[in-house]
Every structure is written in structure tokens, then in C-alpha cells.
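S.K.: Spelled out from the first residue to the last, the chains are:
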Amino acid sequence: DTEVTQTPKHLVMGMTNKKSLKCEQHMGHRAMYWYKQKAKKPPELMFVYSYEKLSINESVPSRFSPECPNSSLLNLHLHALQPEDSALYLCASSQDLGRGEQFFGPGTRLTVL
Amino acid sequence: GQSLEQPSEVTAVEGAIVQINCTYQTSGFYGLSWYQQHDGGAPTFLSYNALDGLEETGRFSSFLSRSDSYGYLLLQELQMKDSASYFCAVRDPDSGYSTLTFGKGTMLLVSP
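Going down the list, the protein sequences come from chains A and B.
Under this note's numbering, the residue at position 73 of the first sequence is numbered 73, and the numbers go up by one with no gaps.
Under this note's numbering, the residue at position 97 of the second sequence is numbered 97, and the numbers go up by one with no gaps.
Accuracy of the hints is not assured; some may be wrong.
To be verified - Computed list of lysine to aspartate or glutamate pairs in EDC-like fashion (alpha-carbon distance at most 16 Å, straight line):
no., chain 1, residue 1, chain 2, residue 2
1, A, K40, B, D39
2, A, K41, A, E84
3, A, K9, B, D39
4, A, K38, B, D39
5, A, K41, B, E14
6, A, K18, A, E58
7, A, K40, B, E56
8, A, K53, A, E67
9, B, K104, A, E84
10, A, K41, B, E9
11, A, K19, A, D96
12, A, K41, B, D68
13, A, K19, A, E52
14, B, K104, B, E5
FYI, nobody ran anything at the bench for these hints, they're computed from the structure.
Please construct the entire structure, taking both the sequences and the accompanying hints into account.
M.R.: Here is the structure:
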């Protein structure tokens, strides 16, 4: 299994809603990442987990809350988002930190109304 | 800090060869990666060069010159399905080289 899966594919939420994005990989990778990508822009790193511990938080607002329940799963909890948070949210994994090769999931297209 | 420069757009015709350049300025360097992303899709890893020279994988090749802080992605026998955005990326010294910083991307348009 060389795949990273993400659910849901699309999500529309209001500014007062709470929702969660889910990511799963079964490649035995020890590093997992959340990226945000706006149209016509490169992926922008949000969080990095290494061995299930938060390794890097790129000064992301607290309305985004990551969680790594186990080595295969990564969640991103969303609360009180703003319309400017609408974007494609990508999950990725790599064998460990510092790899040039990362495997990306298909992403969740988030729209905040 | 680091910065990567790549052309915003490149156009070519089917069957042609195209080269997408990437120059980088980093406080340290470990290697250069290339990713392909189709519209609405996820980035897909293409190649990683840590050492100088050319790496070939099928129709795609990637080149690195560390002394020139320069690399390129070469796509041969272009097909319509190669129309996509291509990102170069370096390992970020500010994160202890544990993460990737992406260039702004080059949109490749292949026409019949």
C-alpha cells in the first residue's frame, strides 16, 4: 500500500462549525505533514509530526488543531474558521524527517462560508 | 532563509522536449526535489537530486549543479497528460532540513 488517503474530499462549513479532516497512511512512515494550498500557489507547510509527536508548528492560528492518534493517522480539527481559510488541505508522509520524497494524499477541498 | 526561482509558465507541443529550470539560494543545501501536480490533484514526487549530475527516470530527467545552485527538470516526448504544474523544492535549513520549501511552480501547457 503506497497510498495516503484523506477524508472528506470536499467540505463546506460555516464560521461557527467544528469539523475534522482525516489522513491515513499504511506505509510505515514516521513523519506526517499538513499543508495548505491556495489556487496557483505552492503547498504551504502547517504542521509536522515525527514519531507521533508534533515536531513543527509553522505559526498556524489556534483555530487549526492537529492530532496524531497513532503512527498511521493524522487529524486536523477545525473550529471558528474564516473565509480566507478556504483552500486545499493536503496531508503527506515520508519515511522519516528530512526526506526529499514525500507522498501526498488527494487533499480536502475546504470552503468556509 | 531560502528562495527558489522557476519560470511561471512554459508552453510546448506534443512530442517536444522541455526544460524547467530552478535556481535556489539557501543558507545550506541537501538536495533538490521535483513534484508534479495536475489541476485539482495532489503533488506527486518525480525526482530527488542530492549529488551533481543527471538522474533519468523514463521520459523525465533531473539535473543538479550544486556549484551553480541550479537544477532543471527535463521532460522528453511530451504528452498532453504532462500539462501540469511542476514544483522544485529544497530541504529547509531553518527547520534543520526536516521539511521542504517549494518554489512557486511552473505551469506547463502542452498543445497538440
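S.K.: Please go over all the hints and tell whether each is borne out by the structure.
M.R.: These are the hints, each one checked on the structure:
no., hint, result
1, K40/A x D39/B, "9 Å, holds"
2, K41/A x E84/A, "14 Å, holds"
3, K9/A x D39/B, "15 Å, holds"
4, K38/A x D39/B, "12 Å, holds"
5, K41/A x E14/B, "26 Å, violated"
6, K18/A x E58/A, "22 Å, violated"
7, K40/A x E56/B, "28 Å, violated"
8, K53/A x E67/A, "9 Å, holds"
9, K104/B x E84/A, "20 Å, violated"
10, K41/A x E9/B, "13 Å, holds"
11, K19/A x D96/A, "28 Å, violated"
12, K41/A x D68/B, "26 Å, violated"
13, K19/A x E52/A, "21 Å, violated"
14, K104/B x E5/B, "7 Å, holds"
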